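K.L.:
Please build the complex by placing chain B on the supplied structure of chain A, with the hints as guidance.
Chains as they are written, first to last, in the working numbering: chain A, 1 to 768; chain B, 769 to 1212.
Mixed in with the good hints, there may be bad ones.
[What the hints assert, rightly or not] Sample of chain A residues at the chain B side, in silico, Cβ under 7 angstroms:
(1) Met162
(2) Ile234
(3) Glu235
(4) Lys237
(5) Arg319
(6) Val323
(7) Thr326
(8) Asn397
(9) Trp418
(10) Leu421
Treat the hints as calculated values from the structure; they're not laboratory data.
Please read these numbers as outputs of a predicted model, since none were measured by experiment.
Even glycine gets a Cβ: it sits at the ideal position worked out from N, Cα and C.
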Amino acid sequence: MPKAKRETILFHLLRTVFWIIVSGNHWLSATPKPVKGKDIFLKHCAECHGNRGEGVDDEYSKPLIGDWPRDKLTQYIEETMPDYDPALVKGQEAETVSHYIYNTFYQKPGLFAKTTKPELAHLTNRQYRQSVADLFAQFEGKPKITNPRHGLVGKYFNTEGMNKRKSIHTEKIDSVIDFNYSNKSPLKGMNPNKFSIYWEGSILPRESGWYEFFVKSPNGFEFRINQKNSSPTIEQKVSTGMLHETSAKLYLLGGRPYPFSLNYFKFDDPKASIELRWKTPIGKKEIIPADYFYTQVVPPSFVIQQKLPPDDASHGYERGTQVDGTWDEAITYAALDAAKYASSKIMRLAKPNNGEEKQQIIPIVENFVRFAFREKLSEEELTQYVRLKFSEQEPHNTTIEKIVLFTLKSPRFLYPEWQTLAKKEPDPYVIASRLALYFWDSIPDQRMHKLIESNNLHKKIHFEKQAKIMLKDSRTKAKFTEFMIAWLDMKNKELPRLDHKKFPNFSALLALDLRRSLLQWVENNVWEKSFKWNSFLGMDKVYVNARIAEFYGIQYPKNQKKEEFWEIDSSIIGREGLHTHPYVLVSHSYPDESSPIHRGIFTSRKILGRMLRPPTEAVSFENSEFDPSWTMRRKVEELTKSANCMSCHDLINPTGFLLEGYDAAGKKRSKILGQPIDLRVNYLDSDGSKRSFEKAGDLIDHALQSSMPPKSFVYELLKYLAKQPSESFVKVATSNLSKSLKNNHLSIPDLYMKLCYQAAFNGINWIK
Amino acid sequence: MNLNRLSRRSALKNIGLSALSLPILAQSTSLFADTQSPKAPKQRLVVMFSPNGTIPEHFWPKRIGEDFEHNTILKPLEPFHDKLLILRNLHNKVGGDGDSHMRGMSCLLTGIELFPGNVMGGGGTPAGWPKGISIDREICKHFQSNTETRTRFGGLHFGVGIKDSADPWTRMSYDGPNQPVTPLADPYEAHRKLYGNIQEKKKVRSILDDLRNDFKKVADQLPESDRKLLIEHTRLVNRMDKEYSGGRALTKLTAKPPQLPDGIRNQNDNLPQLGRMQIDMLVNSLVNDFARVATLQYTKSVGQAKMNWLDIENSHHSLSHEPDKNKDAYDKLIRINTWFAEEFAYLLQKLENTPEPGQKGSMLDNTLVMWTNELGKGNNHTLQHIPFVLAGNGFGFRMGRSYWCGDQNNSHNRLLLSLAHAVGHPLETFGNPSLCKGGPLDLS
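Isolated chain B, as found in the complex:
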């Protein structure tokens, strides 16, 4: 998809706002008076995850500074150049138990070791869940502790193509030691959680005309004396029709819930659609201020998606193990990571296209979106040079540059600490304290 062609009109349509409603939204601040405080600008954090490492040569910009060029994989992000902060030279230095994928995934946002445990990967020692909370949940708790920033859910965690199993390869958010947070993997379930059961209600309403006819046909065949109950039941059918036609619980929403396409099954080939459905809901829930922290997790560490929509029949993780000299695999991995960049761009575009309710500017102006991965590179399973692409102006970082994080202590814990500081939560350390030396990164 060419994101440059994603018009403002279609983006608004996708989030349930027609062009017709745009002038009203733009002009009327009173519409949002209930939910918005005009004083402090909002801050939001969104973390997007894609697995199995990247291809560094085609990922990282060659130059450091503001005039960096967009390499192959990051090309789709070019339109957002001024709003990007690409952090180089950050490493996941959390050691201890667990293989690289496990530590890559479960220590990515926690910055702390895994408990000894019984999950054994391809290398390293067996391990369990991490020993601490993840930064997204920490910030979420911080927001929820303050009435000014408290929201209905606090944090929302969306998954795309996530299977049922729960292990350190499949979870990145944690509420504390041994407390994995399960992402909402089914968009229809997520929709139900966010907006009530309007999808189901729509489905029910679609059969009610047939049902009324059927009740009539059956009642007509019965003797008069036996019809009473059916007539009463038909009244209930009519009542349900009426009740389900109004979105009672949704009248106070800033933006209408997105309408999900019907019948998208939670299976490999539908990942692109499932992802877009989740992104639409993620953005919509931020517009409605359901949450100020969100994660979007594509598959999992060691994820084996087969990206048929890119004409790639091999499994992602298997491909990532291939040596660089396997040009076919190398090329495919570039395409896979580029596709993730496109999805990231779609997310940014949606935020950019959506005006911040009750305030000037766009949603992206008040949001920090971070795209990351559990490995630096797949075939050597390195935890060095973890991809961290930051976008949006929500955290007051100086954007529009590629930044080298220095050579002193370039542990990624410092970035996690910076995120906490940026939301007015000046922790001294986060995760393993010994990895926090030097304090938060100076990203201003």
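Isolated chain A, as found in the complex:
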């Protein structure tokens, strides 16, 4: 035992002895006075939990709150507390102190809220990249898919000489780029020796991160992504005569379309083929699937390529409440890149025939600063930030670079909430900035600026209308998808891998398809008005493609395109709710076995909205240490049987055991080790009621009746949207919203909108 711990125990023992001595007379008197819960708490508990349950650094640092029923709390105290000597508080005392804790603060997390207003925070990485991209979109046009037709437009040319287009032979839509023409022509009637194909369209990645693109061909090509008329992303005009693969890696913001083109040609080379692959942030190298291509061409976006240090996510959401030198330097380099880009773009906008260059440039630069600062700048400020900077001694492009560098490093850009905290006078820009930040992680767009300037965005009613418009923006959907990725435990998690011997057909590409199946289900359904809380937890549809269908034994419909996903009733593959989606199951499994613990934690937290403390000591599960004839259920029961473990595992284990009807790959099973599976479990709810469940679906039925899951979802979403603790938004009607969600009166999009809207007005009382 460590010395410090030993000393602590000794101290407690001595203190107890002392207490018995000093109170001896009283204790020995004939009619003992009933001891108050508060006194017991102060005597035995406050040293680690604080006098008011607020927690004590280096002991139990978190507030003493939770969602256990009172009986369980009492039992836990009885068996384990105080941890240095559980014998000290027993029987009536345990009951009394439990009663005190339960009623005084245990169920009142609001008592411990450190702040009731948003903290000053800098832009998170996503907010930073998104804001910079949208800042440039004001000049270059907003990339938006209005024609949702998948695929790429392929223009097939007969050529003469080296890639000189003689005539167009055919124009058609190609779904993927994976062609091997060998020594033949791509289409009938084309010259097999000389031809070129120009594919054009857009690519719409789902999530933000680093994407690597690979082009493989023995022929010539120029590949552009997010580039228009500028240097190619990959250039290989000169063929080497050999099959050759080249790649390029770039950061892309999810939910944002990027222009795409591939100019491919064969000129007397012996063979012809071309394949286009990518590796997504969490993915496996693969031919880019058709779902990500659109035939429409959009303008390019400026996306910061600088690597940024990860945000602090220790509170379950990314937040910018700390600054350090690495971050400061990274955003400086990012700003330098942006400055260079801005300068070349803005200089190009100045036309020699339109008068003096400086006079043309200044208004553009002023707008840049105004949009970045999310403000209407005064003449004096514009003079200070922009006009005075231009001089005869410095080339204009250098001046622009310096202004942009300053702008993107200024606290006015980096700390978007500073105005909320500073401004006392009515200012619609404060609300507009918060709406853009919460809805999109971005800055107010040109439209909002115009509305404010024309005095059409200053009343609550105007903002309500604005919120409805913002909800429909693709950036809202992109942000919600990224929230779901975090909520579903997928963020920055590698694809699950299963033991190859036990699951020989479970490939990385199948894992990737399952991940997509889940996200596609979210994206395709959640924005429908009819899609409510019950449809969300219930998940009555599942998306499958050829690979998934084959693995899970689903019949392949006629006329179904091989590369596309289609929708099936989830009962066809034995699904009983969101927690039984194959990806959720397989990503919460061991490589060779199901994992009731991982599945139970996910289900308890997300589906049931229950609070779980991190374990006091980490115990790892070693399958080899158990009798191989035991079921996983038995092994877990054995491993977690101690009272300390059971304080949480009495919740985790039953919810995990309910999913034992699915193997590690998420396939439905009826037997384990040749024996029928006993799925029956007992579950203790937070209100103390005991329930029996017999199948995975029972858990969803219960969750839909419970107020905790929607409440937890609302809090999680609010934190994600605002990047602030949910307690700082006291004016957001989280309880009402949770109730409406539970009663299926509120759709998830409407919840998103109301959270953003109410949070934007939180703490602001000067707008009517």
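P.N.:
What follows is chain B alone, placed relative to chain A:
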């Protein structure tokens, strides 16, 4: 520019050494003790390229031997007469696929055929990249294989007015078959590669005073309790200011990095300035012994620069196609090639004006600078009589003459072979072996 007027003082200033530092440089050898070996004299190779052929009648000296006169185009090189070796009668005899421009460019330093490929020029057959390494990279590899001659980069490749596309018309250096080397076309990028990001740091520092004020203004408007993060961030701004003010990584340099003028955009009209920036960096990186091999490539084969600074509005390559009888075009091409000679002279002058660190004499005494072109003449696309003007004493050739390379095998491969032999790398052949008959040229 009149190069005769380029003073020693201004040349030193251009490379970042003030007159004040000159006595110290001249007297103190210990300053260079870290980087220099006093034993073996250094050898360096610099290749400068300009495109689209020359005007032979105004280029070649009329006389062979030491007392040759400087023809119109080579007039700017007159001050270096004693250090020049003008090689006549050398031909690029590499045949095979590719048009003359492609073979002219991509076989110029490789001396070997191009692979069959898909790049088709105005004539000939389509071709790809060359089948072998170029002599500059070969010598660079040789230097890098020896600890005595190894340097930080080995070779540096600068470009002036080079566009993004990569094909056999735009690359002359190769690391091996199918391995083109991309020149550094943007001086600011080159500066960053050579000296770290001091240009950027300078730019960042220029806005920090404004930024500090802005932080203060914003913080002043916030309630006391919300200022903490901004105060912390302001500290980081101050720290950055301090860190960026010192050139930590550069303290061991023999010569300070050249200061580039701000905001020179990489576009046609800025070619003269861009070129000078690249030359300044090239020489500075040799002084600092970053590399012992360098190339300087002006535009590319078929380069279409419009030399407005010479009052020439036509594109260079288009002009080069005009027949000799078009006097206007003919005159313009003489001026264009003379301008390249002036730039070459500027490079030589810089090397001449810079003392060899730690040794006697100038940088030019230990460097061989070679100016060449992919064609003999533009309008007939000939690969005969390729211009090769050698300068400097770095390779032990006998300089100060115009030399006729004989009539036996006058393939330019023999010159490439001579370069290898001169640096103690006695290859038997280089490029296509059949073009190496007779071995290296005797240039002693």
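K.L.:
For each hint, tell me whether it holds in the structure or not.
P.N.:
These are the hints, each one checked on the structure:
1. Met162: At about 3 angstroms, which falls below the 7 angstroms cut-off, the nearest Cβ of chain B leaves the hint on A:Met162 intact, so it holds.
2. Ile234: Given a least distance of 11 angstroms, the restraint on A:Ile234 is violated.
3. Glu235: 6 angstroms, holds
4. Lys237: Since the shortest Cβ distance to chain B is 6 angstroms, the answer is holds.
5. Arg319: 11 angstroms, violated
6. Val323: 5 angstroms, holds
7. Thr326: 10 angstroms, violated
8. Asn397: Check passed: Cβ of A:Asn397 comes within 5 angstroms of chain B, closer than 7 angstroms.
9. Trp418: Where the cut-off is 7 angstroms and the nearest Cβ of chain B is about 6 angstroms from A:Trp418, the hint holds.
10. Leu421: 5 angstroms, holds
Against the hints set out earlier in the document, violations occur for numbers 2, 5 and 7.
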